[in-house]
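Those sequence lines, one after another, are chains A, B and C.
When we follow this note's numbering, the leftmost residue of the first sequence carries the number -17, and every step to the right adds one.
When we follow this note's numbering, the leftmost residue of the second sequence carries the number -17, and every step to the right adds one.
When we follow this note's numbering, the leftmost residue of the third sequence carries the number -17, and every step to the right adds one.
It is possible that some hints are incorrect.
No copy labels: a pair is met if it fits in one copy or bridges any two.
[To be verified] Taking lysine-lysine pairs in the DSBU-like style, the calculated list, with each CA pair at most 35 Å apart, reads:
1. K245 to K295
2. K363 to K245
3. K363 to K172
4. K393 to K295
5. K76 to K172
6. K172 to K393
7. K363 to K246
8. K172 to K295
9. K245 to K172
10. K76 to K295
11. K245 to K393
12. K76 to K246
13. K246 to K393
14. K295 to K363
15. K246 to K172
16. K393 to K76
No lab work stands behind these hints: they were computed from the structure.
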Amino acid sequence: MENIFSITEIVTAIDTIWVLVAAFLVFFMQLGFGMLEAGFTRAKNAGNILMKNLMDFCIASLGYWAVGFALMYGAGNAFMGTTFFFLNGIEETKYGVPTMAFWFFQLAFTGAAATIVAGAMAERTKFQAYLIYSLVVSIVIYPIVGYWVWGGGWLARMGYIDFAGSSVVHSVGGIAGLIGTIALGPRLGKYNSDGSTNTIPGHSLPLAMLGMFVLWFGWFGFNPGSTLSGMQSGLIARIVVNTNIAAATGAVIAMIIGWLQTKKPDIGLTINGALAGLVAITAPCAFVTLPAAFLIGAVASVIVVYGTFFLDKIRVDDPVGAVPVHALCGIWGTMAVGLFHETNGLLYGGGWRQLGVQSLGMIAIIGWVVATTSVLFFSLKYTMGLRVSAAEESIGLDYGEHAVNAYPDSKTSSLS
Amino acid sequence: MENIFSITEIVTAIDTIWVLVAAFLVFFMQLGFGMLEAGFTRAKNAGNILMKNLMDFCIASLGYWAVGFALMYGAGNAFMGTTFFFLNGIEETKYGVPTMAFWFFQLAFTGAAATIVAGAMAERTKFQAYLIYSLVVSIVIYPIVGYWVWGGGWLARMGYIDFAGSSVVHSVGGIAGLIGTIALGPRLGKYNSDGSTNTIPGHSLPLAMLGMFVLWFGWFGFNPGSTLSGMQSGLIARIVVNTNIAAATGAVIAMIIGWLQTKKPDIGLTINGALAGLVAITAPCAFVTLPAAFLIGAVASVIVVYGTFFLDKIRVDDPVGAVPVHALCGIWGTMAVGLFHETNGLLYGGGWRQLGVQSLGMIAIIGWVVATTSVLFFSLKYTMGLRVSAAEESIGLDYGEHAVNAYPDSKTSSLS
Amino acid sequence: MENIFSITEIVTAIDTIWVLVAAFLVFFMQLGFGMLEAGFTRAKNAGNILMKNLMDFCIASLGYWAVGFALMYGAGNAFMGTTFFFLNGIEETKYGVPTMAFWFFQLAFTGAAATIVAGAMAERTKFQAYLIYSLVVSIVIYPIVGYWVWGGGWLARMGYIDFAGSSVVHSVGGIAGLIGTIALGPRLGKYNSDGSTNTIPGHSLPLAMLGMFVLWFGWFGFNPGSTLSGMQSGLIARIVVNTNIAAATGAVIAMIIGWLQTKKPDIGLTINGALAGLVAITAPCAFVTLPAAFLIGAVASVIVVYGTFFLDKIRVDDPVGAVPVHALCGIWGTMAVGLFHETNGLLYGGGWRQLGVQSLGMIAIIGWVVATTSVLFFSLKYTMGLRVSAAEESIGLDYGEHAVNAYPDSKTSSLS
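Next up, chain A with everything else stripped away, as it sits in the complex (with noise of 0.2 Å):
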């Protein structure tokens, strides 16, 4: 072979491998997402969860490209992109790799986005009805985000920062869950009349385990790859490392609190609790030390656990915790940039003008998620109906919605 290629072409395809096997782990917690929401649920729904599961990425992909995309990164206004429709105008190369393989990387945050709603509404939510919000979040509600944040809208120009989407994906998938839950309602059973609550166990640990350890192994593409670019080596190790940190401490601290709470180290809260260091690290996770990202990660499994029991109290019913753990902890990461970024923190002597910034951007976000999902859910919900009947939640969607047993063979409690 001769030396036929450029510098400039050996840097493009680093890039583009870089990118594109980040891509292909974020497109892997699609599956993750799919095991912990099956899990984390009873066995007569787990076919319909993840069937859900896997149309929202389905219809990410027809929708991200037909739509999505112009609005997420079209030229447009300081509110939303208007070019782009269908990939057609596209520039070839975007950021320095193949446009077609920049979008592919955020087809999968967008699937991120709308799974994430899916398990709050778990058990419960129709299936023709998950079909058409997802879609909305997908073309509209994710993308006008992105746009603000990501697409060189509002916030983008006035320095807000979240590198790789506690906010822009995890906030917004979660919120979206919050409000859909609050449409819907909590599950049949999970609260009784004298204001006490009934635990509803998922029906597979290993099946929760599973996709918890594929979504930490997929963030390794999720935060490292929002570099966009394979040639910043340091700036990629630290990322990695510091959402490894965050992961790690979140877990731990998350049983240590669990164990003090219930007496005995529960494993459901420990799950969570590196999930939501996982989503409070992925916006600061460029500009921060290690100590910061054992803080943040901390800070993130004290949110997932009281988040859990206050949601719970107030009968918000999210049966796999999507709430505290994407919400919440989304909301926590946004905020830590503005307190640990190592030159504009407040804690690191930058003073108080990124902590505000990204206070106002996250309730900008918060109001624009909570007013588009109401009038979504609601709409839906006085429309076509959003929840199953009584009877087919308790005989379970998988018969309901799909007339199928997810374990045909399998003897189940009756009341499972």
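Guided by the hints, dock chains B and C onto chain A, whose structure is given.
Below, chains B and C alone, put in the same frame as chain A:
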């Protein structure tokens, strides 16, 4: 570190990393096939199908080293290669990467071809017979087709195009499975004497869904890795996006068709719709536009749904749908090159020649596989026997072939 | 983009991406170990073993940051490193990659060493005791061996060779597990007073098989990644092929031996045969020919089968076979360097010196691990206690340690 590396060495490193990472992903598809097949079959046969799946990769590893690679990539005539047995005498590099890296990438493909057969013949094939035919597929039947198309054989010389193996891997595996299932006959209890059919549900939808996601993930090695070079950034990105759109479209359209046909969105059909799209886009992925990839996936999903119904009608009992997914959609993907190829395709003004070559090649490959596997399976059937006894089939192959219970702690329903 | 990058920066980028992608794969082995161990143990302990597996990686993440790395790669004497606690003062790069990337790769190895112990001691170890010994293994016992061999310690200076950790990772983990299981004693009901043995089957073959495939997949990071450079294309390709052939051979030969011994192709032995081949090839993978890799895998499978039988005979109760796989085949792989090394190996005309150094090193490592873990496990045993109560063991550690049921929707048989 000094600048001790030349541009050539750097390009070789990039290409090698790309090919090997892709190969790891293709290797991982072995898990995907195993879990998909286990999930779609009964609990009493789960260990057996997984053991077959493991063994065919192990046998392929040894057989492709000893013989298969020689027949597929050795120097030879128009029909087959005849050098490089046991990798003796191989060049140090091939297509710009170490030949060992190229060999491993090709081995992972061989494993895929072999394991597809296992699915169609699941739940009734003798383990010993399986080992033998798996070896023959890996070292003779598959590599010779590979030589024709990728090794410089007569189809390659004629201009036949199969970028990543819709025909070479998937049709070969699927057609071998079709002949195998015909040689075996249907499972006990599948068809009734009055002409009606019984559904025999797989024992675990979560395992099947896990398998599908792992396969989709692995396909990002299968198709983009077939560039055999990491330097072709634009082409790689295009292949990734085409692959993904075809899969997503296949799943969505299969779900819709199934919904119209059965009044419910069927999970199994949807899973196979995604796989159908993946199989079909494998041959044309490098040469078609995004809208063409969408169409290819859509047609594949129609083929897989009606193919499944049709095979059931003619009493070909293929427990996992390997024949419609791999044989039929592999053929469709191969023909799609002749239709949608951006320069040679009939619909793009390229005239009939490419479509003619694709048809001729497809006929030759079908003829070769039907002929050789008929000899293979019927020889086995009338000598050592291809099928387990009815008693063993009833009690399950896990117990009968391996003296094991895949789930000893679970109570299972009596007839599973 | 201008040609703003130097060749050195490009090579650093390639090396960093290679090391990190490999590290992600090694991290993913954590899932493989977890699923393998869960599958090979009973349903009533599935959550507990997975929680241990998660926790040992989390603890290693924190402990290897604080102390372990300092002992293993700090500047020091012949015995251990003494700088870089909490990564303070680390150089910016090490072996041509950012030290943070190198650290993360090494952390993933630490997690593997720690989790191997969990398997041997499964189904009866107190969770609290587990947390403590897991920490000690991660921050003292393993890193000091690592320093001897990879950190510039006395074995490195002597010319001891262990390319990717047959001894450093696998023997250390396996021997620690052996001492742990001796300290614990066998599980209730494993051995009868008349000298006979009961088989206690694992609760899920599919989970075990999933674990094995994930481990095999992850090994493509473990061994080839240990080049620590992506620029060594030929060497990397060779390592991949050797790794794969040893695994495949191990599985095939273990299946055959098991078949001859038990009249059936045993699935559990075959799984462990593949792992045995992987463990054994880990030390010599960079220095041996393909036929040697075949032989190394074949011998490993003999060792693992007869080792399993032998351990059962002497009443060492190792539920998942961690001792034969990791301790015995780790030792074998280390000695195989002395036999098959292409220049230094006894069988390749290199004389006895390398074999002697390997033997000496192996003896030292065994001595170190036996001594330290004996102190560790027996201290725990006679203070806080190492083993759960008989009542808790009977009811299962999931309930006893975590107040949880891994599969609450499934009816399980009474004695599992």
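Now for the hints, and whether the structure bears them out:
1. In the homo-oligomer, the alpha carbons of K245 and K295 lie at most 35 Å apart inside one protomer (20 Å), although the nearest pairing across protomers, at 40 Å, exceeds that limit.
2. Within a single copy, K363 and K245 get their C-alpha atoms only as close as 41 Å, which misses the 35 Å cut-off; across copies the closest is 22 Å, which meets it.
3. In the homo-oligomer, the alpha carbons of K363 and K172 lie at most 35 Å apart inside one protomer (21 Å), although the nearest pairing across protomers, at 42 Å, exceeds that limit.
4. In the homo-oligomer, the alpha carbons of K393 and K295 lie at most 35 Å apart both inside one protomer (34 Å) and across protomers (31 Å), since each shortest distance falls under that limit.
5. With identical chains, the CA atoms of K76 and K172 are never at most 35 Å apart, being 49 Å at best within one copy and 54 Å at best between copies.
6. Taking CA atoms no more than 35 Å apart as the test, K172 paired with K393 passes in both settings, with 24 Å inside one copy and 22 Å between copies.
7. For a Cα distance limit of 35 Å, the shortest separation of K363 from K246 across copies, 21 Å, qualifies, whereas the shortest one inside one copy, 40 Å, does not.
8. When the C-alpha separation of K172 and K295 is checked against a cutoff of 35 Å, the pair qualifies only within one copy, where the shortest distance is 12 Å, while the shortest distance between copies is 46 Å.
9. With identical chains, the CA atoms of K245 and K172 are at most 35 Å apart both within one copy (23 Å) and between copies (31 Å).
10. Taking CA atoms no more than 35 Å apart as the test, K76 paired with K295 passes in neither setting, with 47 Å inside one copy and 51 Å between copies.
11. Taking the shortest Cα distances, K245 and K393 sit within 35 Å of each other both inside one copy (32 Å) and across copies (27 Å).
12. Neither within a single protomer nor between protomers do K76 and K246 lie at most 35 Å apart by alpha-carbon distance, with minima of 50 Å and 42 Å respectively.
13. Taking the shortest alpha-carbon separations for K246 and K393, both the intra-copy value of 29 Å and the inter-copy value of 24 Å come in at or below 35 Å.
14. Only within a single protomer do K295 and K363 lie at most 35 Å apart by alpha-carbon distance; the minimum there is 24 Å, versus 41 Å between protomers.
15. Both within a single protomer and between protomers do K246 and K172 lie at most 35 Å apart by alpha-carbon distance, with minima of 22 Å and 28 Å respectively.
16. Proximity of K393 to K76 under the C-alpha cut-off of 35 Å is found in neither arrangement, the shortest distances being 54 Å within a copy and 54 Å between copies.
Hint compliance for this structure: hints 5, 10, 12 and 16 are broken, all remaining hints hold.
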